[in-house]
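Protein chains in written order, with our numbering: chain A, 1 to 214; chain B, 1 to 214.
Just so you know, the hints here were simulated from the structure itself, not pulled from any lab data. Ideal Cβ positions, reconstructed from N, Cα and C, are used throughout, including at glycine. Honestly, I wouldn't trust all of these hints.
[Said to hold, decoys possible] The calculated SDA-like cross-link candidates involving lysine to any residue, where the alpha carbons are at most 20 angstroms apart (straight line), are:
1) B:K108 to A:K108
2) B:K57 to A:E27
3) A:K108 to B:K65
4) B:K65 to B:A122
5) A:K108 to B:V178
[To be verified] Under 10 angstroms between C-beta atoms, here's a sample of chain A residues computed to sit facing chain B:
6) K57
7) Y61
8) L130
9) L173
10) C180
11) G181
12) Q182
13) T196
[What the hints assert, rightly or not] Pairwise CB distance ranges, derived in the manner of DEER restraints:
14) A:K19 to B:R79: 41 to 49 angstroms
15) B:A140 to A:K19: 57 to 65 angstroms
16) B:G85 to A:D158: 45 to 53 angstroms
17) A:Q124 to B:V81: 43 to 51 angstroms
18) B:T88 to A:S52: 49 to 57 angstroms
19) A:D158 to B:T88: 51 to 59 angstroms
20) B:G85 to A:K65: 47 to 55 angstroms
21) A:D158 to B:R152: 29 to 37 angstroms
As a plain string of letters, each chain reads:
Protein chains: 2
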Amino acid sequence: MTSQAADGPDTVAATRRSKITPEREREFFDAVLEQIRECGYDSVTMEGVAASTRCSKSTLYRQWKTKPQFVAAALRASRRVRFAGIDTGSLAEDLRQAARAAGDWSVKDTRLMQALGHAVTADQELAQALREALILPEVAALREMLGRGVERGEVPADHPALEYVPAMLFGVLRVRPVLCGQYADSGYLVRFVEATVLPALGLTEDPGHRSRDD
Amino acid sequence: MTSQAADGPDTVAATRRSKITPEREREFFDAVLEQIRECGYDSVTMEGVAASTRCSKSTLYRQWKTKPQFVAAALRASRRVRFAGIDTGSLAEDLRQAARAAGDWSVKDTRLMQALGHAVTADQELAQALREALILPEVAALREMLGRGVERGEVPADHPALEYVPAMLFGVLRVRPVLCGQYADSGYLVRFVEATVLPALGLTEDPGHRSRDD
DNA sequence: GTGTACCGATACGCATGAGTACCGGTACAC
DNA sequence: GTGTACCGGTACTCATGCGTATCGGTACAC
Chain A
1 MTSQAADGPD
11 TVAATRRSKI
21 TPEREREFFD
31 AVLEQIRECG
41 YDSVTMEGVA
51 ASTRCSKSTL
61 YRQWKTKPQF
71 VAAALRASRR
81 VRFAGIDTGS
91 LAEDLRQAAR
101 AAGDWSVKDT
111 RLMQALGHAV
121 TADQELAQAL
131 REALILPEVA
141 ALREMLGRGV
151 ERGEVPADHP
161 ALEYVPAMLF
171 GVLRVRPVLC
181 GQYADSGYLV
191 RFVEATVLPA
201 LGLTEDPGHR
211 SRDD
Chain B
1 MTSQAADGPD
11 TVAATRRSKI
21 TPEREREFFD
31 AVLEQIRECG
41 YDSVTMEGVA
51 ASTRCSKSTL
61 YRQWKTKPQF
71 VAAALRASRR
81 VRFAGIDTGS
91 LAEDLRQAAR
101 AAGDWSVKDT
111 RLMQALGHAV
121 TADQELAQAL
131 REALILPEVA
141 ALREMLGRGV
151 ERGEVPADHP
161 ALEYVPAMLF
171 GVLRVRPVLC
181 GQYADSGYLV
191 RFVEATVLPA
201 LGLTEDPGHR
211 SRDD
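All chains should be built: construct the whole structure from the sequences, respecting the hints.
Structure representation (structure tokens):
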């Protein structure tokens, strides 16, 4: 209970009272997220993280009060928008690119979400961190992409399928392992987008011509 | 192993050496699945199941060797096909009915799948039981439904979207909670089917007329 | 050089849960 | 009635993990 050591909950490097560099902190975060992907949230132990990063359990507990707070901090710190930068000028091509991009990180993020899926129902902070780190940024980027398509007149603004595009994409990412036993790769996702998302949005250039090449 | 006493791994009442009636067995299975939905697989304890069913831990361990075997047996015993019996003569209406039906059990089954999602990566028997109990029967029923539509000529047999329909439906079931914070209800699922699945299959009667009533 | 404060290591208390062992009660077979 | 075998209860062993406490080393401030 040191008084002024009340550092923010997620990062500690801001208060330079700690000798843990931001790079070192990243190692902790990467390690715990990786172990969660591997073994599930419940099976991850602070001891295991400490061992794999060759730090001491004390060090972790000095910076973060509890395991869920530690994990939540790790999630917040790895917030990234994978869909950022996709803007080809065509909504259909944007969506294909998004599918391709999703295939690249889908394994890691899908496993993480799967592993955290039930832990978040027990810890509110964890749930919020997961949403803000992995879900909302991607959904927002996707909606932006769709918004540009609407502005260009490629899709009517009130098209009923618009609001379901994120659910379609993230949904197929999430069920593919349980349906087929393997994670969705870029090829599968692109085919999915072309077979379902684009037609649902009315984006197939010539509906009579079926352009499958597999 | 033992020749005729080789009771199936999932039910024990077949060998009437046990005094546990099938109804009693169902109570055990219902209890453990319910607790898994509530607390997650790891947090479920044999002690908790025994307490909630007012039986003894010994009783459970006499019938099932380990916790994963017990859970796998419970899964196999609750195998049911929810989509069975849907056959309206129209694929579009079949799919709407399926969506409506899915809304009814989606909460229970989605929570169960979510809760088991990571445990199955560690236990092979559990994974197989989950697939055979909750996944494959529904997918098969769905594919049958689609097959009938193809036979009736409503959709060409090689329509590229056909193979993705199960992924779309189960996908949206699975991501809805994490996207919106609530489980998918029947209304949402029907709207989803009408906005995405039917158009992707080319099943919108008059493409120009947008039939939304919300 | 001296001191402060953080790091790593280790050991510990405490709780919890898997799976086992034992024991008395009882229902059913015969 | 007698015996068998299963049920429920409880106590036990063993392992594991959270979170805390303690201690020596050391880097950096001044």
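Hints versus structure:
1. B:K108 to A:K108: Answer violated: B:K108 to A:K108 is near 27 angstroms, above 20 angstroms.
2. B:K57 to A:E27: Outside the cut-off at roughly 43 angstroms; violated.
3. A:K108 to B:K65: Status violated; Cα separation ~34 angstroms.
4. B:K65 to B:A122: Holds, at roughly 17 angstroms.
5. A:K108 to B:V178: 17 angstroms, holds
6. K57: 21 angstroms, violated
7. Y61: 22 angstroms, violated
8. L130: Since chain B brings a Cβ to about 8 angstroms from A:L130, closer than 10 angstroms, the hint holds.
9. L173: This hint holds: A:L173 lies near chain B, its Cβ roughly 8 angstroms from the closest one there, short of 10 angstroms.
10. C180: 9 angstroms, holds
11. G181: Holds, about 8 angstroms.
12. Q182: Constraint on A:Q182 not satisfied, violated at 12 angstroms.
13. T196: Holds, about 4 angstroms.
14. A:K19 to B:R79: 41 to 49 angstroms: Because 56 angstroms falls outside the window, the suggested range is violated.
15. B:A140 to A:K19: 57 to 65 angstroms: With Cβ atoms ~59 angstroms apart, the hint holds.
16. B:G85 to A:D158: 45 to 53 angstroms: 36 angstroms, violated
17. A:Q124 to B:V81: 43 to 51 angstroms: 36 angstroms, violated
18. B:T88 to A:S52: 49 to 57 angstroms: 56 angstroms, holds
19. A:D158 to B:T88: 51 to 59 angstroms: This hint is violated: roughly 29 angstroms between Cβ atoms.
20. B:G85 to A:K65: 47 to 55 angstroms: The hint (47 to 55 angstroms, Cβ to Cβ) holds, given that B:G85 and A:K65 are roughly 53 angstroms apart.
21. A:D158 to B:R152: 29 to 37 angstroms: Once the Cβ atoms are compared, 32 angstroms apart, the range 29 to 37 angstroms for B:R152 and A:D158 holds.
In summary, the structure is inconsistent with hints 1, 2, 3, 6, 7, 12, 14, 16, 17, 19 from the numbered list given earlier, while agreeing with the others.
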